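Below are the chains, spelled out letter by letter.
Protein chains: 2
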Amino acid sequence: MTIGVVCGGVGAARFLRALAGVWPAERTVGVVNTGDDTVMHGLAISPDLDTITYTLAEAIDPERGWGLRDESWRAMEALARYAAVRPVGSSAAPTWFNLGDRDLATHFYRTARLAEGATLTAATAEICRAWGLAQRLLPMSDERVSTIVSLADEGIEVSFQEYFVQRRHSVPVDGVRFDGAGSAHLTDASRSALADSEAVVVAPSNPLVSIGPIRALAGVDDVLAARRDTVVAISPIVGGAALKGPADRMLEELGHEASVVGVARLYAPIAATLVIDPVDAHLASQVEAAGMRALVVPSVMNDPAVAHELARRTLAAAGIVVSG
Amino acid sequence: MTIGVVCGGVGAARFLRALAGVWPAERTVGVVNTGDDTVMHGLAISPDLDTITYTLAEAIDPERGWGLRDESWRAMEALARYAAVRPVGSSAAPTWFNLGDRDLATHFYRTARLAEGATLTAATAEICRAWGLAQRLLPMSDERVSTIVSLADEGIEVSFQEYFVQRRHSVPVDGVRFDGAGSAHLTDASRSALADSEAVVVAPSNPLVSIGPIRALAGVDDVLAARRDTVVAISPIVGGAALKGPADRMLEELGHEASVVGVARLYAPIAATLVIDPVDAHLASQVEAAGMRALVVPSVMNDPAVAHELARRTLAAAGIVVSG
Numbered sequence: 001m002t003i004g005v006v007c008g009g010v011g012a013a014r015f016l017r018a019l020a021g022v023w024p025a026e027r028t029v030g031v032v033n034t035g036d037d038t039v040m041h042g043l044a045i046s047p048d049l050d051t052i053t054y055t056l057a058e059a060i061d062p063e064r065g066w067g068l069r070d071e072s073w074r075a076m077e078a079l080a081r082y083a084a085v086r087p088v089g090s091s092a093a094p095t096w097f098n099l100g101d102r103d104l105a106t107h108f109y110r111t112a113r114l115a116e117g118a119t120l121t122a123a124t125a126e127i128c129r130a131w132g133l134a135q136r137l138l139p140m141s142d143e144r145v146s147t148i149v150s151l152a153d154e155g156i157e158v159s160f161q162e163y164f165v166q167r168r169h170s171v172p173v174d175g176v177r178f179d180g181a182g183s184a185h186l187t188d189a190s191r192s193a194l195a196d197s198e199a200v201v202v203a204p205s206n207p208l209v210s211i212g213p214i215r216a217l218a219g220v221d222d223v224l225a226a227r228r229d230t231v232v233a234i235s236p237i238v239g240g241a242a243l244k245g246p247a248d249r250m251l252e253e254l255g256h257e258a259s260v261v262g263v264a265r266l267y268a269p270i271a272a273t274l275v276i277d278p279v280d281a282h283l284a285s286q287v288e289a290a291g292m293r294a295l296v297v298p299s300v301m302n303d304p305a306v307a308h309e310l311a312r313r314t315l316a317a318a319g320i321v322v323s324g
Numbered sequence: 001m002t003i004g005v006v007c008g009g010v011g012a013a014r015f016l017r018a019l020a021g022v023w024p025a026e027r028t029v030g031v032v033n034t035g036d037d038t039v040m041h042g043l044a045i046s047p048d049l050d051t052i053t054y055t056l057a058e059a060i061d062p063e064r065g066w067g068l069r070d071e072s073w074r075a076m077e078a079l080a081r082y083a084a085v086r087p088v089g090s091s092a093a094p095t096w097f098n099l100g101d102r103d104l105a106t107h108f109y110r111t112a113r114l115a116e117g118a119t120l121t122a123a124t125a126e127i128c129r130a131w132g133l134a135q136r137l138l139p140m141s142d143e144r145v146s147t148i149v150s151l152a153d154e155g156i157e158v159s160f161q162e163y164f165v166q167r168r169h170s171v172p173v174d175g176v177r178f179d180g181a182g183s184a185h186l187t188d189a190s191r192s193a194l195a196d197s198e199a200v201v202v203a204p205s206n207p208l209v210s211i212g213p214i215r216a217l218a219g220v221d222d223v224l225a226a227r228r229d230t231v232v233a234i235s236p237i238v239g240g241a242a243l244k245g246p247a248d249r250m251l252e253e254l255g256h257e258a259s260v261v262g263v264a265r266l267y268a269p270i271a272a273t274l275v276i277d278p279v280d281a282h283l284a285s286q287v288e289a290a291g292m293r294a295l296v297v298p299s300v301m302n303d304p305a306v307a308h309e310l311a312r313r314t315l316a317a318a319g320i321v322v323s324g
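So the protein sequences, as listed, match chains A and B. Heads up: the first sequence begins at 1 in the numbering used here, then just goes up one per residue. Heads up: the second sequence begins at 1 in the numbering used here, then just goes up one per residue.
Bear in mind the hints are in silico, worked out from the structure with no lab data behind them. Quick caveat, the model's predicted, so the values are computed rather than measured. For every residue, glycine included, the Cβ atom is placed at its ideal position computed from N, Cα and C. Warning: the hint list may mix true and false statements.
To be verified - Looking from chain A toward chain B, a few residues come up when the C-beta cut is under 10 angstroms (computed):
hint	residue
1	A20
2	A83
3	A84
4	R265
5	P304
Said to hold, decoys possible - Okay, the calculated bits of chain B under chain A, using three or more residues with CB under 8 angstroms as the criterion:
hint	stretch
6	107–116
7	127–138
8	308–317
Stated by the list, open to error - Beta-carbon label-pair distances, calculated as ranges:
hint	chain 1	residue 1	chain 2	residue 2	range
9	A	A25	B	S91	37 to 47 angstroms
10	B	E157	A	P304	27 to 37 angstroms
11	A	T119	B	R167	28 to 38 angstroms
12	A	A80	B	W73	16 to 26 angstroms
Construct the entire structure; sequences and hints are all you get.
Structure (C-alpha cells):
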C-alpha cells in the first residue's frame with residue numbers, strides 16, 4: 001500500500017518531507033517531472049529529481065532552495081575563463097547555470113550510468129540509495145521530454161532552463177510545449193505508482209511547467225481520472241500568488257486565472273479535492289463550481305507543524321486516516 | 001618560420017617552457033599525443049594537451065606535475081558516495097581518476113565545444129587562448145585514437161588511463177596498440193607543423209605511448225623521414241631510467257633496450273640526432289651505430305639554466321642558432 005505523489009521540484013520536495021512524518025517513507029513513491037532536464041557541459045542534469053533527493057536527505061541548501069548545503073563553486077568560477085573565449089554562436093561555458101562542486105558528482109554519476117545504458121529510473125534509484133532515501137523517486141519517463149517556453153517579447157522559443165534560470169523567469173511567456181512528450185512513455189513503475197497507490201497527491205508544484213509535462217504523457221490523465229476520488233491536489237497558488245517561482249504570472253500569461261480557482265479548473269479532470277489555504281477560503285465555492293471539493297488547510301510549509309498537518313489532512317482527504 | 005615539437009605530456013611541457021626562452025613562443029607549434037584521451041563522467045579529457053597548456057600558463061601544480069595549482073577536490077570527494085552504490089559491472093563514479101574542481105572547467109568547455117561540432121583542434125586553440133598561450137598546440141588528430149595496453153599478468157587489455165592511473169603504471173605490459181589509428185588522420189595543421197617547420201624536435205616523452213600514437217598515424221614517419229636531418233629527438237631515458245613514468249620498464253617489457261641506444265633504434269628512421277645526457281656519453285658510439293648522431297647535453301630539466309641550454313643546443317643541432 002503506497003502513496004503516489006506527482007512532483008515538480010521545491011514544493012513537492014517540501015511536501016514529501018512533511019509526508020514522511022505521517023506516512024512511511026518506504027511506502028511513498030514520487031513520480032517526478034523531467035521536462036526541466038537538460039544537458040550542460042555534456043552532463044545530464046535532472047533539477048527536480050535532485051531537489052527532491054537533496055531535500056529528503058536534509059542536504060539541500062536551505063537558503064537557495066536548490067543544490068547542496070556547504071557547497072563551493074570552484075568549477076563554475078574557473079569556467080569564466082572559457083566563456084571569455086567562446087566563439088560567437090557557441091553556447092559552451094554557460095556561466096548562468098550554476099553547478100556546485102559537490103553537486104557535480106550527482107551529474108557525473110547520472111551521465112556515466114546513462115552512457116552505460118542504464119535507464120534514468122535505474123540511475124535515480126541508485127542516487128536515492130546513495131543518499132539513504134527510503135522514498136522511491138521515479139522519473140516520469142526514461143525518454144527525453146523537454147519543456148519549451150515561448151517568450152512573448154523576444155518572439156523565440158527557449159528551453160525551460162533558459163527561461164527559468166538564464167532569464168530568472170522574469171519575462172512574459174506566451175506558450176509552453178513539451179517536446180518529445182508525444183512519443184515518450186510514462187514508465188511502467190510510474191504508471192503503477194499513479195494507478196495502484198492507495199492515494200495520489202498532486203504536490204504544490206507549478207501546474208503548467210512542473211505537473212504539465214507529466215500530464216502531457218499519454219495515459220496519465222486517464223489513469224488519474226479513473227481514480228479521481230482518491231486524488232488530492234494541493235494548490236501552489238496561495239492568495240493569488242505563487243509561493244515560489246513564476247506560476248502566478250505564467251497562469252495569467254497563458255490564459256488561466258492566477259488563483260485557486262484557476263488551479264481547480266486545471267485539476268478538476270484528474271483530482272476530486274483541492275487543498276487551499278485559509279487565505280483563499282472565500283474562493284471555496286468557486287473551486288467547487290469548477291468541479292473540485294475545496295479543503296481549507298494552511299498550506300504554506302514554512303513551519304514544520306503546518307507542513308505536518310497539511311500532509312495529514314491531505315491524506316485524510318484521500319480517505320487515509322493517520323494518527324498524529 | 002616555426003619550430004614543430006612532437007609532444008607527449010610532462011616532458012614535452014617542460015621542454016616547450018624552456019624553448020620559449022630561446023625561440024619565440026608564437027612561432028612554436030606542438031603536435032600533441034591524444035592517445036591518452038578519455039571520457040570520464042561524459043567529459044572529454046585530453047591529459048597531454050592540458051598538462052602542456054597548464055605548464056606553459058605557469059598554472060600547473062609543480063608537485064604533482066599535472067592539474068592546476070591551488071586546486072580543490074570537492075567534486076571527487078562527493079563522488080565516493082556514488083561509487084558505493086554503483087552496480088556490479090558499472091564503471092560509473094571512477095574515483096581513481098582525479099579531476100580537480102578548477103580543472104573541470106577545461107573538460108566542460110572541451111566537451112561542450114565538441115558536442116557543438118567543433119573540432120578538437122578548434123577547441124584546443126580556444127583553450128590555449130583562454131590561458132594566454134602564445135604557442136600553438138595541435139592535437140595530432142581530430143579523430144579518436146585510443147592507446148590500449150595489454151597487461152601481462154591480468155591477460156587483459158585496458159585503456160591507457162586504466163594502466164597509467166588506476167594501476168599506477170606498476171604492472172608489466174606485454175603489448176600496446178593504438179585503436180583507431182588506422183583510420184584517424186593527422187590533421188592538416190599538424191602535418192604542416194611537421195613538414196613545413198624550420199626544425200622539428202621530438203620532445204623527451206615516452207617513445208612508445210606518447211610519441212608512438214602520433215607515429216601510428218599514416219604519414220607521420222614519412223614526413224619526418226623526408227626531413228630527418230632537421231629532426232632532433234631528446235632522449236627521455238637518462239642513465240637507463242625514465243625521468244618520469246614507466247618508459248624504462250615498458251621499453252624492456254616490449255622488447256626494446258631501456259637506454260639511449262634503445263631510444264635511438266626507435267627514432268633513427270625519423271630523426272638524425274639524439275640528445276643524450278652526459279651520464280650516457282659512454283653510449284654515444286652505440287647511438288651512432290644505431291643510426292643517429294649523439295649530441296651530449298645535460299637534459300634533466302630540473303634546473304632552468306639546464307633546460308635553457310638544452311633548448312638552445314637542441315635547436316642548434318637542427319641548424320638553428322639562437323643567441324643566449
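Are there three or more residues in the stretch 127–138 of chain B whose C-beta lies closer than 8 angstroms to some C-beta of chain A?
holds (count 4)
Holds or violated: the hint that A/A84 contacts chain B, with Cβ atoms closer than 10 angstroms.
Holds, because the Cβ-Cβ distance from A/A84 to chain B comes to roughly 7 angstroms (cut-off 10 angstroms).
Outcome, coverage hint (the stretch 308–317 of chain B, chain A; C-beta under 8 angstroms; three residues)
violated (count 0)
Determine whether the Cβ-Cβ distance between A/A80 and B/W73 falls within the hinted range of 16 to 26 angstroms.
20 angstroms, holds
Given a cut of 10 angstroms on the nearest C-beta pair, is the interface hint for A/A20 held or broken against chain B?
21 angstroms, violated
Given A/R265 as an interface hint, is its Cβ closer than 10 angstroms to any Cβ of chain B?
Not OK, violated: A/R265 not within 10 angstroms of chain B, min 42 angstroms.
Mind checking, does the stretch 107–116 of chain B have 3 or more residues with a CB under 8 angstroms from chain A?
Satisfied; 8 residues make the cut.
Honestly, do A/T119 and B/R167 meet the 28 to 38 angstroms range at C-beta?
32 angstroms, holds
Closest C-beta approach of A/P304 to chain B relative to 10 angstroms, hint status
Where the cut-off is 10 angstroms and the nearest Cβ of chain B is about 27 angstroms from A/P304, the hint is violated.
Does the nearest C-beta of chain B fall within a distance shorter than 10 angstroms of the C-beta of A/A83?
Where the cut-off is 10 angstroms and the nearest Cβ of chain B is about 9 angstroms from A/A83, the hint holds.
Honestly, do B/E157 and A/P304 meet the 27 to 37 angstroms range at C-beta?
56 angstroms, violated
Distance restraint hint 37 to 47 angstroms, applied to the beta-carbon atoms of A/A25 and B/S91:
31 angstroms, violated
Violated hints, in rising order: 1, 4, 5, 8, 9, 10; the structure is consistent with all others.
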